[in-house]
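Novice: Given next are the chains, with one letter for each unit.
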Amino acid sequence: MNSTIHCESPWPHRFALVLVCVTFPLIWVGGLVTTYDAGMAVPDWPSTYGYNLFLYPWTTWFAGPWDLFIEHGHRLLGALTGLITIALVIVVWRNEPRRWVQWLTVMALVIVISQGLLGGARVIQDARQLAKIHGCLGPAFFALATAISVVTSSFWKQGPQLEIIGNTRSLYRVALFTAVLAYLQLIFGANLRHIPVTADVGQFRVALFFHLAGAAALALHVTILIWMVFRLTQPVKALRRPVSLLALLIVMQITLGVASWIVKYLMPISAEGRLREGGFVIEADGLLQALTVTAHMAGGSLILALSTMLALRAVRLAPSGTESSASFFCTSSRLTELTT
Amino acid sequence: MQCLVMLRFRTLAVLFTMALVAVGCDSPKAEFHLDRVFLHKTFGEPESREEADSLRNQVQNLKEVMVGLFGNPDEPHVPQLTDLDTTTVLDVGLIEMAAGRVASDEAGRGRGLYREHCAHCHGVSGDGAGPTAAFLNPYPRDFRMGKFKFKSTPLGVKPTHDDLRKTIIDGIPDTAMPSFRLLDDDEVDSLVHYVRYLAIRGEVERRLVMEVMTELDTGDLILDPEDRSNALVEENLELVKGAVATVVGQWANAASQVTEIPSPPDQWDSHDSVQRGRDLFFGSVANCVKCHGQLALGDGETGDFDDWIKEIDEKDPASKAPDFLALGVVEPRLLDPRPIRPRNLRTGVFRGGRRPVDLYLRIKNGIEGTPMPAAPASGLSEDDIWSIVAYVRSLPQEPISRPEVQVEYTRERL
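Going line by line, the protein sequences match chains V and C.
Residue numbering for the first sequence follows my numbering, beginning at 1 and increasing consecutively.
Residue numbering for the second sequence follows my numbering, beginning at 1001 and increasing consecutively.
Calculated directly from the structure, the hints in this document are not laboratory data.
Heads up, some of the hints might be wrong.
[Unchecked claim] Derived list of chain V stretches under chain C, where covered just means 3 residues or more per stretch with a C-beta under 8 Å from a C-beta of chain C: (1) 144-152; (2) 213-224.
[Claimed, not checked] Here are the simulated DSSO-like pairs of lysine-lysine, each with C-alpha atoms no more than 30 Å apart in a straight line: (3) V/K264 - C/K1041; (4) V/K264 - C/K1241; (5) C/K1029 - V/K264; (6) V/K264 - C/K1290; (7) C/K1166 - C/K1315; (8) C/K1166 - C/K1041; (9) C/K1310 - C/K1149; (10) C/K1320 - C/K1241.
[Claimed, not checked] Some chain V residues flagged as far from chain C (calculated, every beta-carbon gap over 12 Å): (11) V42; (12) P43; (13) L77; (14) G82; (15) V123; (16) R231; (17) Q289.
Note that CB positions come from ideal geometry on N, CA and C, so glycine has one too.
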């Protein structure tokens, strides 16, 4: 096993985890910014009403209007995420021998910087189209952060503990495709949500169709994944847990999706008349609307991250053993000792 | 193996980029569209090529005149009139607050309120054809005819400022129209002014289309930009000003024509009064039963249409709608011209409000733009109307108003 590369340091994984944990709320708050149409609550960028981002008086921030509160908060969280990404790059370059992992972190840094610039450009040019791209790149970053934390985890370094018999190769293919689908679905969702007011009913219909079809495809894929994972000869917890959680999330997500429509537009017309309505009045921008829609959006990111994790784990468990895979998988002597 | 995964990464990257490009496609600039259904109905199919050309010129000119009068969605104008104060009807400051793109300032004051809250259903031009409109039942209101259903004024008279405020603040139950009670007072005012602006804009457009049709010779322009001197221009300018003044005047006068609601007589909702109301409901004068049905389930006369659908065609909108679709007009009412249903009076849900005064106004004045008629001026006294109100209010309490019983009834009838 001379070609084995050793990855001893636990720090890359720890930093990656922190990054994942900060990115998720960032996505939530970003979603709230859209929900409350607060994207232009601060008209300048990178400054906030003339102040340096970090020096904007916190009393004004807390006491100010809600729009300003979330938009400035989003900027602060974004900046924090950027700083953590920089730290991650440094830690990984110093402690992680795998070149491609090092470059993954650089990619993350590039995305986080572009994300900041895109967010800024969206404000300066007041362009909703940019807001949409900004909103789609965010989850991609979240998925990347998840990926980095998976490939630096001890699970990754340890490799398969037992010999798994079963079609793991097609499993990881399906899993990877599911992750791609999850991302596409997210974009379809963003398309639906950011449909320009100048669009006509036909364009909205197409956007809606894609989002519904995407939901169906994703649900189907997750069902297939469950079946594949539970059919493996060995009960692989590392796959069973995420895939079960994924299934749960999909169910929740579909419920939230239907709920998002109902709290905004009431019953879908196909259901009208069959379900009795009770004189319900929708409250525009009420808490119910904001929470449902933002939760639906955050759920999408979570599904993407989880399916990315599942796909990578499936990759790791697929049969390997060639020379070149050493640099890909990496091992930790500590772990090898434990397991041999 | 690694190779394979790397390949996947590349496919992934390609997919990402493709998706992002698709997302990035820019949306068209917001502008007011002319009402093509009305244009086509008024002018009909041009018979020759020359006629088509001259018509196109006239319509283009009309569009320019409209922009001159009202500006565009990003920069609205309020037409100036010499002998009429427009500010109570169209306040420039409030209209600007609702117009344009969405933003807000440090004090939290919103901008672009109409596009933030309304345009995705009611459309940028107020044509009720925003992107989501086809999926809603009832369709979002098209403001361009200047007709509004729930108001305190008689048929044919515009709603007051407070009427529109009420609809925006209360919302409309069991429809997609939400309540905007969380908006600030001045924000609601700004939306009211903007809705009025869109309505006036639409009505002036309709009037000018009619003027072009009836007053101008074939091919003549309303205001020829190259010809500023002659008498014809003066004359046409008067036409335009006249159209604007008439419409704005109607809106300005609404407040003075509010229906007075007499206070209900003693015992107006007693058992006797309800019985009297019931008799009137089924009687030949009020004849509510004709539309609302024997059991008031709203299943009496069901084949009729509201005025917005009737615009397509009075009698048979469904068969005429494809003609307009063929012209490329995409509006929900053309995609599915739904008949109007008289209200089911047993659910206890009233769109215009369920207070006795709301019902009094609906029954006394009818509902603008729908078959629901005003109470006949002679034959029904004020007390009669209060009795009918009492009866209508008692309907949801009757046993038959429970859903199971209704299902039973419908099944029997089928």
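Novice: Each of the hints needs a verdict: does it hold here or not?
Specialist: Okay, the hints, checked on the actual structure:
no. : hint              : result
1   : 144-152           : violated (count 0)
2   : 213-224           : violated (count 0)
3   : V/K264 - C/K1041  : violated (35 Å)
4   : V/K264 - C/K1241  : violated (41 Å)
5   : C/K1029 - V/K264  : holds (26 Å)
6   : V/K264 - C/K1290  : violated (35 Å)
7   : C/K1166 - C/K1315 : violated (33 Å)
8   : C/K1166 - C/K1041 : violated (34 Å)
9   : C/K1310 - C/K1149 : holds (16 Å)
10  : C/K1320 - C/K1241 : violated (34 Å)
11  : V42               : violated (8 Å)
12  : P43               : violated (7 Å)
13  : L77               : holds (20 Å)
14  : G82               : holds (20 Å)
15  : V123              : violated (10 Å)
16  : R231              : holds (22 Å)
17  : Q289              : violated (8 Å)
In summary, the structure is inconsistent with hints 1, 2, 3, 4, 6, 7, 8, 10, 11, 12, 15 and 17 from the numbered list given earlier, while agreeing with the others.
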